[in-house]
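Chains as they are written, first to last, in this note's numbering: chain A, 184 to 592; chain B, 184 to 592.
Among the clues, some could well be false.
What the hints assert, rightly or not - Calculated pairs, DSS-like style, for lysine-lysine (alpha carbon to alpha carbon, straight line, at most 25 Å):
hint, chain 1, residue 1, chain 2, residue 2
1, A, K188, A, K516
2, A, K584, B, K215
3, B, K243, A, K591
4, B, K222, B, K243
5, A, K475, B, K281
6, A, K591, B, K281
7, A, K406, A, K476
8, B, K266, A, K475
9, A, K544, A, K215
10, A, K215, B, K584
11, A, K243, B, K385
12, B, K222, B, K516
13, B, K215, B, K280
14, A, K266, B, K281
15, A, K466, A, K476
16, A, K476, B, K266
17, A, K266, B, K587
18, A, K268, B, K475
19, A, K222, A, K516
20, A, K280, A, K466
21, A, K280, B, K587
22, A, K268, B, K280
23, A, K587, B, K243
24, A, K466, A, K560
25, A, K280, B, K591
26, A, K222, B, K584
27, A, K587, B, K266
What the hints contain is simulated information worked out from the structure, not anything from laboratory work.
2 protein chains.
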Amino acid sequence: MSIVKGNVVIGQSGGPTMVINQSLVGIIEEAKKHPEIGKIYGGLNGIAGMLEERFIDLGKESEANLERIALTPAAALGSCRFKPKEEDCFRLFEILKKYGVRYYFYIGGNDSAESADILNKIAMREKYELRVFHVPKTIDNDLRENDHTPGYASASKYVIHSFMGNDLDSTAIPGVKLDIVMGRNAGWLTASAALAKDPNDKDSGPHLIYLPEAPVTIEQMSKDILSVHANLGRCLIAVSEGVVDKNTGKSFADSLIDEVDSHGNKQLSGTGALGDYLVAQIKEYAEQNGVKKLRIRSDTLGYAQRSFAGFRSNIDAHEARMVGNMAVRYAVKDDIDGSVAIKRISDSPYKSDFVHVELSKVAKITRDLPHEFINDKSNYVTDAFVEYLRPLIDEIPTIGKLNKDIIKL
Amino acid sequence: MSIVKGNVVIGQSGGPTMVINQSLVGIIEEAKKHPEIGKIYGGLNGIAGMLEERFIDLGKESEANLERIALTPAAALGSCRFKPKEEDCFRLFEILKKYGVRYYFYIGGNDSAESADILNKIAMREKYELRVFHVPKTIDNDLRENDHTPGYASASKYVIHSFMGNDLDSTAIPGVKLDIVMGRNAGWLTASAALAKDPNDKDSGPHLIYLPEAPVTIEQMSKDILSVHANLGRCLIAVSEGVVDKNTGKSFADSLIDEVDSHGNKQLSGTGALGDYLVAQIKEYAEQNGVKKLRIRSDTLGYAQRSFAGFRSNIDAHEARMVGNMAVRYAVKDDIDGSVAIKRISDSPYKSDFVHVELSKVAKITRDLPHEFINDKSNYVTDAFVEYLRPLIDEIPTIGKLNKDIIKL
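So here's chain A without its partners, still in its complex pose:
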């Protein structure tokens, strides 16, 4: 096996996360250690920017600034949602050759792995010696071969803090509160709301969780909600933006939103349409079933889930750094292409390892929340899911509550 000598280029793609720049800095710091590697270039705005020859010299950045960048959310290089066609890949080769690039690292989710895989296949066919590595990143946690993905635990931690606050808020001013959580096709992030439940308070929320993997009707959802509301005087619900209407087999959002990106994905974020639609439907069902003037609100948690400043799971930050490190080690030392996947070794104390996987195994097809993590009623997660996620969240605030025994005079 010959060790390839040449320059590195790094790109970032897809939606931002709170720790995506840890991976960027992880690649840079590891690349600096290897004499085979010359220049370390950054491609601005992923493949889209590279095709316009928008490269910067990452070798010039001070260590102190790189550490600040590692703690900064959202892709420091800029991102793109661009799926290269075959002719784009040919053009990219010519550009990479011109810049002496032999190591190509692309940080992203399954769409990005797909882009990397396309690039890699054409590179092999063209006999262009290029090490292509996908570095995993997605708050959706839907990459196959991974126990979990960098970015997920930090987004989950945000969702947990948000639901903890919402549960206290809706205890203080009772009503029905429905929060829409990101996650196009997989319910991983929505499921994480379950960790907001106060272990010392059986009545605490969220009380219901609806996931894309468990289709539901408006009628069933409304029944579930009214049942909790009748019992507790309130109800907190986590709903995935990709939740599927059991009657049509399509997501509720599908009928509400037109815009799609170049990967054929619907625009689900940056609109309150789904939440407002569900609120109206549930309210109507409630009225028809004798529950008048139901106080029901919806928040769509929004971009803060992936980019709230100064917020992260430290375990996630560490792992995001490590997948960057490891991608370089595999590419340089083992002279292979592929992706880096996280394997869990133990829960207590929590330990993980980083292994090499083939690009085709993580590209395109996503990983759903498995059946054993969803309850029989399709309206909550199981304890097994909570046990899965808990070790990845470094810190959950302690909640204080009053003893509410009413005084009898």
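Fit chain B to the supplied structure of chain A, relying on the hints for placement.
What follows is chain B alone, placed relative to chain A:
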């Protein structure tokens, strides 16, 4: 002046904040120090719950649990949005007498101060010896006589972190992003988004801020946005939920939302309607003016602004505790009714003081963002506002950015 002897009751009212329970614990800890005070009761869900004789014994709570509660967002006693009528106040007297209550502390905003004022006036008329104190709390920062109100700085800190993340997010994936911020009538909280601007990056956002105090037309807003977008390729906008249409003199939300609470306030939170409406209007204006397929998104920041768990400005937490302490001292030692207001003494180092004000001076009428805090174009805040808010936010994350000089080969 005779010192009244008797029991205390504490109530919490209106929207939650991240530090409202600091004030609750501040009242309890100070009340325990005064031999004039017997039992310390908590009234559940404000006046509404007190009228149902739902009192708990706060004296039984351990110090450790009270400290946990102080760090927990949203009203621990439960809240209400209930405006008592005169007959409710008479009934409340009878109940308070029955429970031996002589000290009444009500934590809330201007509506709550109004409730306290009504109660106090009837108490005086009826010659019932009752010390009535309003303890300030509102993320809206719109209480008169106060430099700022407990709850505001923590909510501002959340808004700042959210906008910092949104600005990085919309730099990574450029487009127009419009975020709706809480604040029914006053733009204080929306204005705080300005502190998210990176002092080391002149192009950073938010780029535009629209406030209820500075009415705007859709046309002007769209022009402003397209101008920034043409210049930077993106635009981040903070819009108050109460922003007013210059053409009609009414808030845009007014025409979209029907539901009102018992104080006559419109339901502005818990719906994405305003954001989605503005997005549609701006998109239409853009298309009509030759800007096709504008990528424009909106998030409505939602309840997390007032109740995100484990999050606060430490200065805010301290001051919220102190207004609770001081209300008890004024009521017991000085034997007076009223409210406690925060006065700023110095900015650097930041120091504040707590003074007595009359109930009628903080009740009902709110305090707008003053003219000198809004720019001439009515689309941003002034430096004076940034200087006003900065000392109240204990910590803003440092952001790291890459030098993006494009390499020329």
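Going through the hints against the structure:
1. A/K188 <-> A/K516: At roughly 11 Å apart (the allowed maximum being 25 Å), A/K516 and A/K188 satisfy the hint.
2. A/K584 <-> B/K215: Roughly 19 Å separates the two Cα atoms, so the pair holds.
3. B/K243 <-> A/K591: With Cα atoms ~15 Å apart, B/K243 and A/K591 stay inside 25 Å; holds.
4. B/K222 <-> B/K243: 10 Å, holds
5. A/K475 <-> B/K281: This hinted pair is violated, its Cα atoms lying about 35 Å apart.
6. A/K591 <-> B/K281: The given pair, whose Cα atoms are some 11 Å apart, holds under the 25 Å limit.
7. A/K406 <-> A/K476: Distance of about 16 Å is within 25 Å: holds.
8. B/K266 <-> A/K475: Holds, at about 21 Å.
9. A/K544 <-> A/K215: 29 Å, violated
10. A/K215 <-> B/K584: With a Cα-Cα distance of about 20 Å, the restraint between A/K215 and B/K584 holds, given a limit of 25 Å.
11. A/K243 <-> B/K385: Distance of about 22 Å is within 25 Å: holds.
12. B/K222 <-> B/K516: 18 Å, holds
13. B/K215 <-> B/K280: 21 Å, holds
14. A/K266 <-> B/K281: Violated. A/K266 to B/K281 sits at ~73 Å, over the 25 Å cutoff.
15. A/K466 <-> A/K476: Given that 25 Å is the threshold and the Cα spacing comes to 8 Å, the pair holds.
16. A/K476 <-> B/K266: 19 Å, holds
17. A/K266 <-> B/K587: Given pair A/K266, B/K587 holds - Cα atoms ~24 Å apart, limit 25 Å.
18. A/K268 <-> B/K475: Since the Cα atoms of A/K268 and B/K475 sit roughly 24 Å apart, the hinted pair holds (cutoff 25 Å).
19. A/K222 <-> A/K516: 18 Å, holds
20. A/K280 <-> A/K466: With Cα atoms ~60 Å apart, A/K280 and A/K466 exceed 25 Å; violated.
21. A/K280 <-> B/K587: Given that 25 Å is the threshold and the Cα spacing comes to 22 Å, the pair holds.
22. A/K268 <-> B/K280: 79 Å, violated
23. A/K587 <-> B/K243: 11 Å, holds
24. A/K466 <-> A/K560: Holds, at about 22 Å.
25. A/K280 <-> B/K591: 15 Å, holds
26. A/K222 <-> B/K584: Answer holds: A/K222 to B/K584 is near 19 Å, not above 25 Å.
27. A/K587 <-> B/K266: Given that 25 Å is the threshold and the Cα spacing comes to 24 Å, the pair holds.
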